[in-house]
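The listed protein sequences correspond, in order, to chains W and G. Take the numbering used here: the final residue in the first sequence is number 272, and no numbers are missing along the way. Take the numbering used here: the final residue in the second sequence is number 621, and no numbers are missing along the way.
Don't read these hints as lab results, they were simulated from the structure. There may be inaccurate statements among the hints.
[Stated by the list, open to error] Covered stretches of chain W, as calculated for chain G (at least 3 residues, CB under 8 Å):
{"id": "1", "segment": "45-57"}
{"id": "2", "segment": "246-256"}
[Stated by the list, open to error] Using 20 Å as the maximum straight-line C-alpha spacing, the simulated SDA-like pairs for lysine to any residue come out as follows:
{"id": "3", "chain 1": "G", "residue 1": "146", "chain 2": "W", "residue 2": "169"}
{"id": "4", "chain 1": "W", "residue 1": "162", "chain 2": "G", "residue 2": "281"}
{"id": "5", "chain 1": "W", "residue 1": "162", "chain 2": "W", "residue 2": "241"}
[Said to hold, decoys possible] Partial pick of chain G residues on the chain W-facing surface, computed with a CB cut under 10 Å:
{"id": "6", "residue": "146"}
{"id": "7", "residue": "154"}
{"id": "8", "residue": "163"}
{"id": "9", "residue": "241"}
{"id": "10", "residue": "245"}
{"id": "11", "residue": "256"}
{"id": "12", "residue": "258"}
{"id": "13", "residue": "277"}
{"id": "14", "residue": "278"}
Predicted, not measured: the structure shown is a model, and the values here were computed from it. Each residue gets a CB set at the ideal place from its N, CA and C atoms; glycine is no exception.
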Amino acid sequence: MIVLIGHLVLSLMYGLNAWLYWSYFYNNTPRLEKRVIFWLRAVITAHLLYMGLFTFRYGRIPIAASPEALGTFVIILAFIYATFEYRFRERSIGAFLMPLFSLLMFISAFMPHHPGSIQPILFDVSFEVHVLLVLMGYSGFTLSFISSVLFLILNHQITKRKPGLFFRRLPSLQFFERMSALSINGGILFLMLGVMAGSYFGFQVWSRSFLKDPKILSVLIAWCLYLVHFILRKSFTISDRTLSVLSVIFYLFLVSAYILGMTLFSSIHNFN
Amino acid sequence: MYFCGVFINRPKSVKTEWLWDTFYSVDMHRLVAERFMLLTEKENFCFFVLHRQENREALLRHLKEMPLFRNVKESEWLEHQAAPEAFLRGGLDISFSGGIESRLQILRQSLLRAEQYKACGPYVHNLYLRIFWLYENIRREFDYNKIPANPAKALDRLIGKIYHPDTRLSAALVGDVTAMYPLIGDVFLKRISEVRAFESPAFPYRPTRAVEHPRQLKADVYIAGKGVDISVVVSHILNHAQQTRLPVLLVCADRAWQRQTEHESNVFCYTVDDLNTIVRGYEKERALLIRQIRKRIREETGRFDEWARSNRPNNFAGIISADTTMYRIFETIVRVAPNDITVLIEGSSGTGKELIARAIHEMSARRDRPFVTVNCSAIPDTLLESELFGHVKGAFTGAVTHKNGLFQEANHGTIFLDEIGELSEALQVKLLRFLQNGEIRPVGGAQTQFMDVRLITATNRNLLKRVREGQYRGDFYYRINVVRVTLPDLKQRGQDIPLLIHHFITRFAAKFHKEIHGMHDDALEILKRHAWPGNIRELENVIEHACAMCIGTMIMPEDLPPLEDNRPTSGMTEMKTLKELEKEHLLKALRVYDNNYDAIARVLGISRTTLWRKLKELNLS
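Isolated chain W (complex conformation) (with noise of 0.2 Å):
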């Protein structure tokens, strides 16, 4: 029941600061400024005292469910993006990652799930470490997906000459760019970490059988596209919209490889 109450008052937080950062992103005036700066401390803020509350009452860290991850997969997201938009003053990318944050919160909440009822195994401190590294790392991806969408959105009112919403609200390509770049190197190193520390502990579970599992598979897959994303960034003269389109694919194939995995394919990569 904390779970459904909890997720379900963090989504609607969530959904209302995408709203507000809808109609910032729209108006453009000082005072929605304001709210949603509020409104983006307000919502982590509940967001760390409800996690707070979770690792108080089962005295574990929400991580070791579908549903517990997803939360702590928004909170880590929007906490590095918080930092990014205090660092950098850029308010605009927050109206689209906010509804996303608001739909995996609603998503989360009705997922089925039994807090009190975790496998002893879970409570493993390489276990923590591990989701949280890779929670990190999709968290990195998740920001070049939004930032590489909105490059190339940008991209295509400039080269129609035609100055629309996006055109006078984003900053600059170059910026996205880098902040693609920049995602997918913090992305590619806390995988990886979180790849290692996984192994570790997956052996001491399962033993080498593991690595056979379809879910992991994928994940060494995404993680290897962006690997070469990463080298053609740096050896080749391949054009900015390139590099979008080709973190924008990249993501799409993790995001559809992890549903496919969890659908399709039995694992034994599954909380279970």
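With chain W's structure known, arrange chain G on it following the hints.
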């Protein structure tokens, strides 16, 4: 006072000088107290301050005879509150395609011209100051620079949408781009670091490197004009675009270029028409901003109206003046006040430095926060550090409790350090740390505290001279001297003396419960002749004395305290001989010009030989 104004069409092919002359040279002082003409792109705004409302009909009849106003209908006139509002709106016209800054420059030129004709007074100046104050506030609050007003600004915006602000860009000029200079001037001065040119005439904004072949044209931004083979140049641009990661921007004179680059994804090709589309694309934002600014202008008009009704036209934030030098200082105040800039106020003792500091505080966003005044010379050096920064318990003998300093008290507000020239070197270093990092450390404390305090300093000494003589820290002086306001002595503000006298009489009459209406002309003459070494403070004390002594409703000469008259006396017995005067004058010149004979001879209008002979004659060599 009654205000009215009208917009008149700007006659075509008429020189600005003729407009000024026609407007200001006609004598209408009998009807009008002040008048002002703001020249804008298409029309001129003429503003009048009438002595009384009844003068309006006479003024309109008078103006009908002037060619400028011949076609103005009576219904077009803006009356009373609408006129100042139109004045403010005219000065802060965001819809002006030249940009708000250009309009402000025009406003300034218009004011200077009105001052030359002695046509404007406190009301026009007050509106002018309000425009600049509003501008500074609007500039801070609304990011109106993001709304392009013309194709040049749209190009700047477009570049900002492609490249990050910290990217150093290179540009290439192709063909004759002379017609595009107004478009690219600003951008080239701001963002472009290197310019190459191919078959282009001399470029006035940046040094260029001429290249002989289009393949050498490797740049981020291309400006393409006429007189080149488009297909050859485009093929090289496309080739270059394929070898770069950053997109390439091509700004061209016609659509022929666009057709050739249509299918290249890494090249953005824009014509002037496309840039105009960008300008039009911001209509919604512009309309919203105009609405917000107009709301501010209406509020400000209300405040102006209130001020005008108070019938104290020469009172600016508690400072009494109608002097042009002081108006320039007021302009500095309204411009620096909303921005958190450190201000150094220089001026002799009693010139009103604290009033200036208080005015800056009152006009800033910190007006609701504390304003703390510290006289650095009044507190012994040993105590000053503890007074400013506070101390912790046990920091020194007698420090029995923790105590906050004046900086903590002024947090989020303003601290005014008077007599900053008297500060010891150790304290200069500590204040320097605050100015650099915003941090202070209480006496005896181990931790630094961050303070959000605006610093305003004042001195009656020549700090620069002291820095040169090594008696004052140069780094500290340059830190506090970000904006310097130098106040003139009262003697230099001759026309302010009667205004100040009137102001002080009103104040002290109320204090002493007397009905004093003014000052007798003889008494006024005595006060006007005085040198006022103690400046306004001395004048204030003299008037207080006179008000206390006054019997009746007028201050008479005998009510004044004894004053040292600085004018030469008329008695022949006290007159100096020519030789004595010559000697005195030469001694003064030697002192002022530090024995530089060339400079002295030049200033006195005599040859060097004559100077040498005179010095010898007077035993001054």
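Original post:
What are the numbers of the hints that this structure violates, sorted from low to high?
Top reply: 1, 2 and 11
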